[in-house]
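Visitor: This is what each chain is made of:
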Amino acid sequence: MFVYIIRRLLSSIPVILLLTFVIFALMRAIPGGPFDFAGDKSLPKAVTANLERRHHLDWPLGWQFSSYVLGDDITAGICTGLAFLPGCDAVQATADAGISQGLIRGDLGMAMKQRGRTVNDLVAESLPISFQLGMIALALAIVIGIPAGILSALRQNTWLDYSSSFVAVLGLSIPNLVLGPLLIWLFPLTLGWFQVATWGAKPPFILGLFPTNFFTWEFWSHAILPAFTLGTAFSASIARLTRASLLQVIREDYIRTARSKGLRERSVMLVHALKNSLIPVITVLGPLLVILVTGTFVVEQIFGIPGMGKYFVTSISSRDYPVITSVSLIFAVLLVLANLVVDIVYAWLDPRIQYS
Amino acid sequence: MGVLLEVKDLAVRFYTQDGVVHAVNGISYTLNEGETLGVVGESGSGKSVHALSMLKLIPIPPGKIESGQVLFEGQDLLKMSDEEIRQIRGGKIAMVFQDPMTSLNPVLTIGKQITEALQLHLGMNDKQAKNRAGELLDMVGIPDAHRRLGDYPHQFSGGMRQRVMIAMGLSCNPQLLIADEPTTALDVTIQAQIIELVKKLKDELGMAMIWITHDLGVVAGLADTIQVMYAGRIMERGPVRAVFKDTRNAYTLGLLKSLPRLDIKKGATRLVQISGSPPDMHTDPVGDPFAPRNPYATPRCWEETPPLRPVEDGDPDHYVAAWYDLRQAVKEKPYEEAMQG
Chain A
1 MFVYIIRRLL SSIPVILLLT FVIFALMRAI PGGPFDFAGD KSLPKAVTAN LERRHHLDWP
61 LGWQFSSYVL GDDITAGICT GLAFLPGCDA VQATADAGIS QGLIRGDLGM AMKQRGRTVN
121 DLVAESLPIS FQLGMIALAL AIVIGIPAGI LSALRQNTWL DYSSSFVAVL GLSIPNLVLG
181 PLLIWLFPLT LGWFQVATWG AKPPFILGLF PTNFFTWEFW SHAILPAFTL GTAFSASIAR
241 LTRASLLQVI REDYIRTARS KGLRERSVML VHALKNSLIP VITVLGPLLV ILVTGTFVVE
301 QIFGIPGMGK YFVTSISSRD YPVITSVSLI FAVLLVLANL VVDIVYAWLD PRIQYS
Chain B
357 MGVLLEVKDL AVRFYTQDGV VHAVNGISYT LNEGETLGVV GESGSGKSVH ALSMLKLIPI
417 PPGKIESGQV LFEGQDLLKM SDEEIRQIRG GKIAMVFQDP MTSLNPVLTI GKQITEALQL
477 HLGMNDKQAK NRAGELLDMV GIPDAHRRLG DYPHQFSGGM RQRVMIAMGL SCNPQLLIAD
537 EPTTALDVTI QAQIIELVKK LKDELGMAMI WITHDLGVVA GLADTIQVMY AGRIMERGPV
597 RAVFKDTRNA YTLGLLKSLP RLDIKKGATR LVQISGSPPD MHTDPVGDPF APRNPYATPR
657 CWEETPPLRP VEDGDPDHYV AAWYDLRQAV KEKPYEEAMQ G
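Sequence lines, in order, name chains A and B. For the first sequence, position 104 matches number 104 in our numbering, and the numbering has no gaps at all. For the second sequence, position 146 matches number 502 in our numbering, and the numbering has no gaps at all.
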């Protein structure tokens, strides 16, 4: 198992690198650059050129990527050794600016539009908050979705099933954009419960991710509404999936066998059916987790939460190349890790699946 | 020997979107203690459904038990509450199913699947149940039985899985074992092994057995009594020898004639198939359900459903549902000829 995990992680490195390069190249293919404007004013040509030179934007694309991945010093080193390569003169001219240590040393680069701040700084303060919000939303989606799905499968075609399906479809069809403000109007503004906006935890975080005040009302009064907003749609789809999967498993021969042994209906369901029916549900949970942790732009905007979601949107329009490349990279790494966890859970759920 | 099971006028229907399926149409029979009954019929003859209905294992809805009684030790299984029938299932009446590949739960160990019945019906604790499960696997001929309790179904071959199913069925010393085509999914060599095993175990344990199959050869070697079903009705029933040698129903005869035989004369002709197609179960057939395919059918067969009654001058336990006299009809026109005409 250990060997399998290591192999999976190693084999994902090329994929992540390729993805990083595609985003790196695509972003630069979009017309315009990060230093065309400062606010509403356009910058003098000379200033733009200077800034671009400082961020190596005058280098050929390949060398820029090399700087992002390997760092300025190694890139310059390559150019010293292999000076005949095209573009090496440009690299050697400005490599001493030394703004990038490179991915291999854990440096995600310098943010272009936020002076003096590195991407690492931005990620370190926003990722934990998005992570906390996403995990709570996921937990909520599971805690509501799976039991609701089981219940409507067990009571198939009764009023309980119909009303659960109704709520699920409702949850799927109401966009966060509507649900968020509605909840804010109903709870904090009308009833005076919970907080209207902002996040309840601040850095430093435990292990860089977990809030120190997790067990306080301060934290939860901020967390409940956005997590609920984010989690509803997913709990609805988890409920639908659990129901469908369980209904399919109930028709299997081994369920009939279990009944023929005289087992109670409850143990037929919980011991014999549930474990089998969770396999497809687990499959969607991996990608779901990543979407919840990173793709929370709308909810973060509505509730004024300083999470990572906004960088996915703003850094594209502002052409902040290192930021968008890095948040995409983080997204990819999380996806790889989540799928790895899903595969490990598979092996635990289904003994027929073995990794060696 | 006393009567163990008495089925009276059992009728089962399925109310599907495509209409009502008349799966079992009022069958009655008795089974004695220690007796082996072979139930034979083609797909859709109601042979499996009737067995599942007795333990209320058919899906309800769409299934519905329309009428009848199933008296087991004098008690009507069909009138029992869910709790009461659960005591019977796996305890006094056990079932072994057709496909051992899909009838065992893939995510639970064999040990777990055997011990749960033991703990439920015999009140054993973990350790007792585990020991007993090991003994059972040993009894059905699984090598290294105790160690294999921790294995999962996919680690066993098809034949071994069916042995596990049988061990599971026998675990609580049932008085009746219902085997629903237990050898159909296995290859011929393994079939023979399983049949030998069941024969041996039945002699040792002395339970009664209902063996559902479409294979007449299996029944011939295993059963005391044979019961031929068609379109949810019993067409003929009697001691194996009587039914095979003194056949009284045209459907039974058709089944026997369609079998290859080792003892047939050299240069014999090709096998004779039953013409026509199986009945449409969506309509409640008037008359003898086999009449449309029966070369010996009389006008009465089309109008009135024949009851199951004792045969004239034959074995006293031999029953047939037919208006025609098959012996007379075959004498006038042999079966092969009748099928061609």
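Take the hints with a grain of salt, since some may be wrong.
What the hints assert, rightly or not - Some chain A residues flagged as far from chain B (calculated, every beta-carbon gap over 10 Å):
1) MET1
2) LEU10
3) PRO14
4) GLY32
5) GLN114
6) TYR254
7) ALA258
8) ARG259
9) VAL271
What the hints assert, rightly or not - Calculated cross-link-like contacts (lysine-lysine; reagent style PhoX-like; alpha-carbon spacing at most 25 Å):
10) LYS601(B) <-> LYS448(B)
11) LYS275(A) <-> LYS468(B)
12) LYS486(B) <-> LYS275(A)
13) LYS275(A) <-> LYS113(A)
14) LYS448(B) <-> LYS613(B)
15) LYS601(B) <-> LYS468(B)
These are computed hints drawn from the structure, not numbers from a lab. For each residue, glycine too, the CB sits at the ideal point set by N, CA and C.
Visitor: Going through the earlier hints one by one, which of them does the structure break, listed in rising order?
Guide: 6, 7, 8, 9, 10, 13, 14, 15
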